[in-house]
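So the sequence lines, in the order shown, correspond to chains A and B. Quick note: the first sequence uses our numbering, first residue 1, plus one each step. Quick note: the second sequence uses our numbering, first residue 1, plus one each step.
It is worth saying that the hints were derived from the structure and are not from the lab. There's no promise every hint is true.
[Unchecked claim] Below, a list of computed lysine-lysine pairs in the DSSO-like style, where the Cα atoms sit at most 30 Å apart:
{"no.": "1", "chain 1": "A", "residue 1": "K86", "chain 2": "B", "residue 2": "K70"}
{"no.": "2", "chain 1": "A", "residue 1": "K16", "chain 2": "B", "residue 2": "K70"}
{"no.": "3", "chain 1": "B", "residue 1": "K213", "chain 2": "A", "residue 2": "K16"}
{"no.": "4", "chain 1": "A", "residue 1": "K86", "chain 2": "B", "residue 2": "K77"}
{"no.": "5", "chain 1": "B", "residue 1": "K213", "chain 2": "A", "residue 2": "K257"}
Bear in mind the structure is a predicted one, so any value in this text is a computation, not a measurement.
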Amino acid sequence: MSELRGLYTLWLREVKRYLRDRVRIVSSFFQPLLWLVIFGVGIGASLRGAIPIPGLTYQQLIFPGIIGQTLLFTSMFMGISVIWDKEFGFMKEILVAPISRVSIFLGKMIGDSTDALIQGIIVIVLGLALGINIDPMTFLVSLPIMLLITFGLVSIGLTIASFMGSLESFGAIQSFINLPLFFLSGALFQIQSLPSWMQDISKANPLTYGVDALRNVILGAAWQPFQVQPLFVDIAIVGAFDVAMIIIGTWAFSRMK
Amino acid sequence: MANVIETFKLTKSFNGLTAVDKLDISVETGEIFALLGPNGAGKTTTISMLCTILKPTSGTAKINGFDIVKEPMQVRKSIGIVFQDPSIDDRLTARENLYMHANLYGVPASEQKNRIDSILKLVELEDRADDLMRTYSGGMRRRLELARGLIHYPKVLFLDEPTVGLDPQTRDHVWKYIRELKKAHDITVVLTTHYMDEADKLSDRIAIMDYGKIIALGTSDKLKETLEGDVIIIKANNAEGVMSLLTEKMGLPGAHVVNGTVEVTVKNGKSMLPRIVEAATQNDIFIESISLREPNLEDVFLHYTGRTIRADSGREPHGIAAIQRRKIR
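Please construct the entire structure, taking both the sequences and the accompanying hints into account.
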């Protein structure tokens, strides 16, 4: 019971801190907007409808991918909170509290995932504003899927940050992970048309299944012939990845002094 | 239970460097106990072990009857800690920080509001309770950290260098709050400090620590009595001449130079004073001023270690303190 209360407290703290950061929320509209409008329209125009998926524009194709990208970047970035807490001493207050490291990790992880989920919702709102058709049911179904995607990604960010001593080194490591995961997830294309070596790498990327799950839900029937896996397999793979990363993250937090 | 803290050959080494060496101390319930020593003496390492942040290399300790190695969760529930470095969330308000702490320590929800309101009043922060911590001054943050350490009604409150970096006026305030909080909550306080006056004015008993060992322990008065005498302070045109006069010609041990003036501890200061002046005159040393005072803790430290505590203080932490601080971060 007291463990659960501790977990809830740490969750609440992450969410409060995020919601108070107005600049971060406003600026989070900006990047997906660039991708969807400039990149999406630009590449779409130069492909001139040569997309092999009938009934979809390029912008529609990458829309779930850009949600995935936002979740990825935001989730990984959340690790920075661990470094802040270490730098400003607050981590000590948490680490000497009489609650287990599992609760500390889960509280922080679910809190950061909630923040990342809000960023994902912002991208959906942006998509609606750009005229991409999302019915309320699709929106509701995509929420738990987005959350599932963030759990594992936030865990990676927190794990790396728990080993890092400074913001600079965390930033450097991050860019090593973010861009490959993003480009290889098929967020900007469909991976069936890739050369087989690249396809193999993409299939080892957990984000591929996250993006595929979102496409299965958001693009529906138009996407089905091109899907990497059926929706339930996507969810199972992402879920298994989450469990593995949560175990690693809890271990990383338990060795933190 | 008379002793709320007992340590048993408590030891911590970092890469072969012994920071705390077979420490055996006991702290009585209800007292203010100070660990006094220069930076790097092992004070913070000792406190970190008692707070279960660091695992001892060997030995152990009991706090409130719980073993720090075997029952860390019980120990954590029994103690409050104010760290040397700030440890509050500056993006939250004071009240939010306190609520968070209360929840982390399992304070019943029905009691939280009352406890928080009364402790905010005690540290005189009730007017600013709903402001973000980042708008607080250093002294106010310290006060809030003191308050926070007590929200869960700990048996022992640990204060690691509670007034480091604060201006003299704020230090006086913080001391006042520590005394009031201690009285109001009937707790035991263990503090580390490298300020003589802090140990002297605030604590019931003082353990002087150097190189990981306790070299003297007792009340401030007892410790000063061990010196059996008075301190004579001599300002002269030739400090070196005075030194050799005292040690070689007059056979007085322990003379030393502090900021250009010579200090020496003697058994009977009043009768020794004219003799020193006379001897100086005979040896062509011009004494500008000479005075007598009672020994302070600085003299006690010097007596036991042959060094002044100030030589080490005021600098950035080095040696073991620095290694260990990095680890805790």
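(message) Just to be careful, I want the Cα atoms of K86 of chain A and K77 of chain B compared with a cutoff of 30 Å; is the pair within it?
(response) 22 Å, holds
(request) Given the hint that K86 of chain A pairs with K70 of chain B, test it: the Cα-Cα distance must not exceed 30 Å. (result) Satisfied, since the Cα-Cα distance of roughly 26 Å is no more than 30 Å.
(request) Quickly compare the C-alpha distance for K213 of chain B and K257 of chain A to 30 Å and report which way the hint goes. (result) 24 Å, holds
(request) Sort out whether K70 of chain B lies within 30 Å of K16 of chain A, counting only the CA atoms. (result) 36 Å, violated
(message) Check whether the Cα positions of K213 of chain B and K16 of chain A lie no farther apart than 30 Å.
(response) 45 Å, violated
The structure is inconsistent with the numbered hints 2, 3, although it conforms to all the rest.
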